[in-house]
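A.B. asks: Single-letter residue listing:
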Amino acid sequence: MTATTTVEDVVDQPLGVYTRPTGGNGWRDWITTVDHKKIGILYGVAALFFFVVGGIEALLIRLQLATPNGTVLGADMYNQVFTMHGVTMIFLAAMPLSAAFANYLIPLQIGARDVAFPRLNALSFWAFLAGGIVLNLSWVMGGAPDGGWFGYAPNTGIVFSPSPGMDFYALGLQITGVASLMSSINLTVTVLNMRAPGMTLFRMPVFTWMMLVTQLLLVFAMPVIAVALFLLTFSRLFGARFFDPSVGGDALLWQHLFWIFGHPEVYILILPSFGIISEVIPTFSRKPIFGYPFMVFSGIAIGFMGWGVWAHHMFVSGIGPISVAAFSLSTMFIAVPTGVKILNWMATMWGGRIKFSAPMLFAVGVVSMFTIGGLSGVTHAISPADTQQTDTYYIVAHFHYVIFGGIVFGLFAGLYFWWPKVFGHMLSDGVGKVNFWVMLVGFNLTFGPMHVLGLQGMSRRIDSYSPGFGFELWNMVSTIGSFLIALSIAIFVVNVIMSAMKARGQAPCGPDPWDARSLEWLTPNPTPVHNFDEVPVVESLDEFWHRKYGTDDDGRVVRVASAEEVCEDGSAVGVHLPPPSFWPIVFASGLPFIALGLIFNLWLTVPGGLLVVMAIYAWIFEPVDDPDAAHGDHDDHEGDEAAADTIEEAPVV
Amino acid sequence: MSDTATSDHATTTGMTHNKLAMWVFLGSECLLFGALISTYLVYRGRFASGPAPGDIFDIPFTSVSSFVLLMSSLTMVLALSAIKRGDLRNNRLWLLTTALLGSLFIGGQVYEFTTFFREGLGYTTSPFSSAFFTLTGFHGVHVSLGIIMLMSMFISSLRGSLRKEHSETVEIIGLYWHFVDIVWIFIFTVIYLVPSPTS
Amino acid sequence: MSTTEITDRQDDVVHDDGHDHPSDSKYFQIALILAVLTALEVATYYVDIGSALIPVLMVMMVVKFFMVAAWFMHLRFDSSLFTKFFVGGLVLAVAVYVIALSAFEFWSKG
Amino acid sequence: MIPKILRGTGLTALAVGLLAFLTGCAADAELDTLNPQGPSARSIDNLFDPVFYVAVLVFIFVFAGTFIIWWRFRDDHDNEEFPHQFHGDTRLELAWTIVPTLILVVISVSTLVTLRGLNETEANAVTIDVDGAATQWEPEVVVVGQQWWWEFRYYLNGLDGVDLTDARHLPPADIVTANQMVIPAGEEIELAITSRDVIHSFWIPALNGKKDAAPGRVHPWKLEADGPGVYFGQCTEFCGLSHSRMRMQVVAVTPDDFSAWVVEQLQPAGEPEAAAAQRGMEIYQSQCARCHVVDGFNDGSGADLVANAAPNLTHLMSRTTYAGGIFNMYEPNGSLDRTQLEAWLRDSPAEKPAYAEGRRGMPAMGLDEGQIDDMVAYLTTLGRAPALDIIAATEVE
Ligand code: HEA
Ligand code: HEA
Ligand code: CUA
Ligand SMILES: [Cu+2]
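Protein chains in written order, with the numbering used here: chain A, 1 to 653; chain B, 654 to 852; chain C, 853 to 962; chain D, 963 to 1359.
Just so you know, these hints were derived from the structure itself, not from any lab. Mixed in with the good hints there might be a few duds.
[As the list claims (entries may be wrong)] Reference excerpt, derived from the structure (chain A facing chain D, CB under 7 Å, subset only):
1. 154
2. 163
3. 251
4. 291
5. 322
6. 325
7. 351
8. 353
9. 382
10. 456
11. 483
[To be verified] Footprint (simulated), chain A over chain B, 3 or more residues, beta carbon under 8 Å:
12. 670 to 680
13. 691 to 697
14. 773 to 780
Virtual Cβ for every residue (Gly too), placed ideally from N, Cα, C.
Chain A on its own, in the form it takes in the complex (with noise of 0.2 Å):
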């Protein structure tokens, strides 16, 4: 990806930066790193990939269905599109892009170092890729997955599904679930452990809590569809009954276990943008979060009672009316504390003197069309109205408005304003609002008329519809505002290229281009290799903006301190850093053979367990190989402890 050569290009640049003298900047670097810095770049750069896959699939299915009988693609090919497309969208792609704005930014908002497990950091990144490479290799490899991203069963039973997409799916989704698994627990400790000094939970940066909040999320719900995604495996390959009904095998239970994972899901999807634009709100507004502590607990209140909720997607799927009843009211009343978090944005912009930047535009843009999609949803909640609606495209209209609207768009926002901490130089603003208002109108018109379409009675996943019931049109209008958005997408890519193009060769910019207000500023842009001089003392929330502005005896703000004066110049030296490995991609790579061999031959996975055992061992007794480990002045008790820890997360070398 051209992101990565920017990367590589701005990096090289010697700012004064530490580097490590084992450490370069060629592809040995990047596939050894253990380096949160380096491992949220590359999931950044994996994730915009898989979404621009994921976008052409949703090209592909809106030129389907542009116009009645559709013809592009045929329903077989159809289906495993658009299944591809939610998978690809939801766990190679939204989830990924989350996790590399935590990974980059969780040490840096904390003043850590790095996260607490860097080498586990990196098996997660790897292992995620793995997942989503054996996902995709399903095209070449006897067909994709056809059973929609939701799966129900027994549609995906050999019976039904007898191509090996489902396989690939269960394992592919399996493989992508342990590495985010790893990943949370990873940065939860991180969160909990490695605050710098002052830096109580109620000094952190929103972001940093809606992260942590997704990370429990994350702990919590990603065994369930472990779960699930076993009964499925083991019921394709080895004929286990779970999902067969004629010896009683019951067509809910996927179902239930498939929501009670999914519904925590969609918050693990929105939290980390809600975190994003709690943090660019306040910095464009010039004002603090309104209610901080409002804000806190209202996303903790969403990640809670996200576990409550999750039959709403089975309203019609014959569960008892008092389930019904009982999970249509806890699921209205998460408009609750969502809607505490759309009001405290608002009245954080209140009053304000807000600068419009790109970013701030895309948070903007957050604040009001994740709305259109959060109403949307209270009157799914309603469950004798989502008797007519559900399966429908009323329902497309609501989770493309939540996700594009909020995800998207909050993700959005957060590479525009965290770019320059990442790689130094600004991404044009111009181009930014540019991007913003092609964005805005084309997600509009895709998605809007799909509102119409619904309730008009077009069903989901379809391949094709008839002329005469009404949906000519607005699926016309939904198919042209699907390219616009794809243009938008383009123009972010051009960007993205002539903002490299014209730093290159120039100094980096300035130490505090937003004027921000959190700790990761502090740090020189881009990030030095070692984060923090020395590690920053915490005594307010909004510590850095804290430490450029004072207030006079009237109250009023006033500059007590230049950034430059304030930011760190990155200059220390003879920082102990983790060192990189190998085994953490070796381990990865043995994972597609295992899935591959379930799937088709049994004997690949004796390669892949090899190459997993192998990493598993080599990890324990990874010499020790870092320069300053001399330097290093806690205990240093690598040589020894590597023997006595096992398959256990050994401490990190």
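The hints should help you fit chains B, C and D with the ligands onto chain A, whose structure is shown.
C.D. replies: Frame of chain A, contents of chains B, C and D with the ligands only:
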């Protein structure tokens, strides 16, 4: 600067990363076993034309092997207590005993599975059989991983690289081991002792 | 080489000293209680106690469960943060799956 | 038709105007969810409309706020001066916690009331006049989904004692039909919905919301049409390859017409007279009877299919659409649409995607043109065409 990613002494909470991570992981495992147990409970009455749980469970036998596993928790905690005192010899002894008790349990499970299989309960016989073998199989895999870890510690200890200052490693693996034990406490009661449907 | 040692004790901190862990004889006592409880549990298989069976079994199970967690896993002595995670996961799991089983009408149909 | 929600609210006047203009051409939106034609659908609509307005109001509130903010507080930071810094206001926070809560409490109550209504059934009965002997039938229809068509089974003695647990082996019913469900208008029909393979979902938007058809489960649901008419539906749970081509219709007729329909459906098929039709019958015997049933000719002992059933053809001609309700049996003038039927018999998977090799869906039978002609001749003897107005109303494109 001491604040490295690995420094055990500089954590915010005062807990080491490893121990905290293990507890978070165990919290996560609750959801995993919960899903498996629920699956079993939904399906325990759906034995199609195969044997029903009430027909084949051998409570006295399972009681013995449950007791074995329970006692392995005692030996585990004794191993920890020993290494904390610096008593490496007893540490090794108890580690080995724990692993042996665990293996005994696994042996019992293998025996149970083969007996059930001979009585007509295959993995694909019915939703009940699939759920039963999956649940107990997952538990068995957890125990087996635990045994591997215990044995690795035992070998490290023999080689002299598991010493008093590493007691936390023993403690963390002990946490895992106890967790697997309490899962079985649950399984033993809910799946075996609570009367099951018969055909 | 600065800062961290003292200043980083924060809101949620309970320090893990490890020195007040129980003695081995305490562990044997706990194990004895666990053994007796298990014996009682198994006894219900032989002695008919009617409708009390399930509540009694559940109570004994929960007691065993928490004794292992509290003593052998040291939750009694360790940071409350661990308890929060574990009990959090446990309570969440129980709540979610009890609701799910209710949706299957498990309690009425079994 | 313009979705009703967008009509006649001052708040959305602009949107309405635009929509009215843009959707004006789409005259026949037969699946419109906002155009209820029966009590259940109406109760849902009556709940949805006000909630939708509330949502629009909240949306306008947020949007107006955003615009005001954009208008009043935009500033390019030309001067360094900061606005007044405030961190929050507990009273405001409480207000915007409590107000939405109250709104939602009201919505909850009406949701519960509607939900209860939808789950209540009434005891009713229609009189059916068979050979001069009137019998009472409490209207209940068994709805069975399978890839990719619907079967409707009528048990005139009621469903008590009819074992529906295994949808692949259902007890013989008095009337078995496919894709078109005929009901008496103005009566509440109870449905027992199930499936023979994967999950489908039964949905007639004008009459009620949807309900899944899941294998191994029987889901109760109900329908009632205000008056005679034809109501379109679509399978809405993704069920594999031809999910989009799994449609159905409800034909509501007057009680008298219904009684007449029942009487006719109870007739078994007779022996055809014309030679071509007789040849067709022989082909049927040798090629089709392994799956299909024609009452009075071969009984329904199961089909060579995963679902164990293919459409019952006894009264094929009384249905105006076939193959999951996607083809017309008749031309608008009432004559047989021979071309389509022949195409179907020639190569059905080409007409409607199926996995015949996996025993799901109708395979290509490999008949030659002569055999096809004979087959059509035989099929046209099976049942009688309905009235022209029904043919016109049920027409699909
Ligand atoms: C980012 C992801 C995301 C988010 C955040 C949400 C948020 C919500 N969702 Fe959504 N949902 C999905 C992603 C998401 N959803 C997906 C992917 C599906 C489809 C899955 C599939 O089938 O493939 C789905 C499906 C779905 C359904 C099932 C529909 C069906 O299939 O029949 C329901 C039903 O209740 C629902 C409800 C809600 C509700 C009530 C919220 C609430 O959290 C929204 C709360 C927000 C607001 C309400 C707006 C702001 C509030 C105010 C301004 C305060 C004032 C408001 C009031 C007084 C009302 N969603
Ligand atoms: C994160 C989640 C996410 C995102 C971002 C999207 C984005 C989009 N989705 Fe979504 N979608 C889902 C998640 C998501 N979707 C899910 C979960 C389902 C349900 C699946 C199921 O039922 O199983 C679904 C289903 C779904 C359907 C319904 C299919 C059906 O039911 O039959 C449709 C139909 O229009 C659709 C359309 C789109 C479109 C047009 C976009 C667009 O916004 C996409 C825009 C992106 C691009 C267009 C990128 C491409 C860019 C370029 C090509 C230019 C790049 C140029 C260079 C590299 C130089 N999606
Ligand atoms: Cu049947 Cu969709
Ligand atoms: Cu949901």
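A.B. asks: Determine for every hint whether it applies to the structure shown.
C.D. replies: Outcome of the hint check:
1. For residue 154 of chain A, the interface hint holds, the least distance from its beta-carbon to any beta-carbon of chain D being 5 Å, beneath 7 Å.
2. The restraint placing residue 163 of chain A at the interface with chain D is violated, with a minimum CB-CB distance near 10 Å, outside the 7 Å limit.
3. Proximity of residue 251 of chain A to chain D holds as hinted, the smallest CB-CB distance being about 5 Å (cut-off 7 Å).
4. At a threshold of 7 Å, the smallest CB-CB gap from residue 291 of chain A to chain D is about 4 Å, leaving the interface hint in force.
5. The beta carbon of residue 322 of chain A is not positioned within 7 Å of any beta carbon in chain D (closest approach about 10 Å), and the interface hint is therefore violated.
6. A least Cβ separation of about 6 Å between residue 325 of chain A and chain D falls short of the 7 Å threshold, and the interface hint therefore holds.
7. Interface hint at residue 351 of chain A: satisfied, since its Cβ lies 6 Å from the closest Cβ of chain D, which is below the 7 Å cut-off.
8. Annotation: interface hint on residue 353 of chain A holds; nearest CB of chain D at approximately 4 Å, less than 7 Å.
9. Against a cut-off of 7 Å between C-beta atoms, the interface hint on residue 382 of chain A holds, since the closest Cβ of chain D lies about 5 Å away.
10. For residue 456 of chain A, the suggested interface contact is upheld, since its CB lies about 5 Å from the closest CB of chain D, less than 7 Å.
11. For residue 483 of chain A, the suggested interface contact is broken, since its CB lies about 19 Å from the closest CB of chain D, more than 7 Å.
12. Taking a C-beta to C-beta cut-off of 8 Å, the segment 670 to 680 of chain B contributes 8 residues in contact with chain A, enough for the three needed, and the coverage statement holds.
13. Counting residues of the segment 691 to 697 of chain B whose C-beta lies closer than 8 Å to any C-beta of chain A gives 3; at least three are required, and the coverage claim holds.
14. Remark: the segment 773 to 780 of chain B is confirmed as covered by chain A, as 5 of its residues place a Cβ nearer than 8 Å to a Cβ of that chain, reaching the required three.
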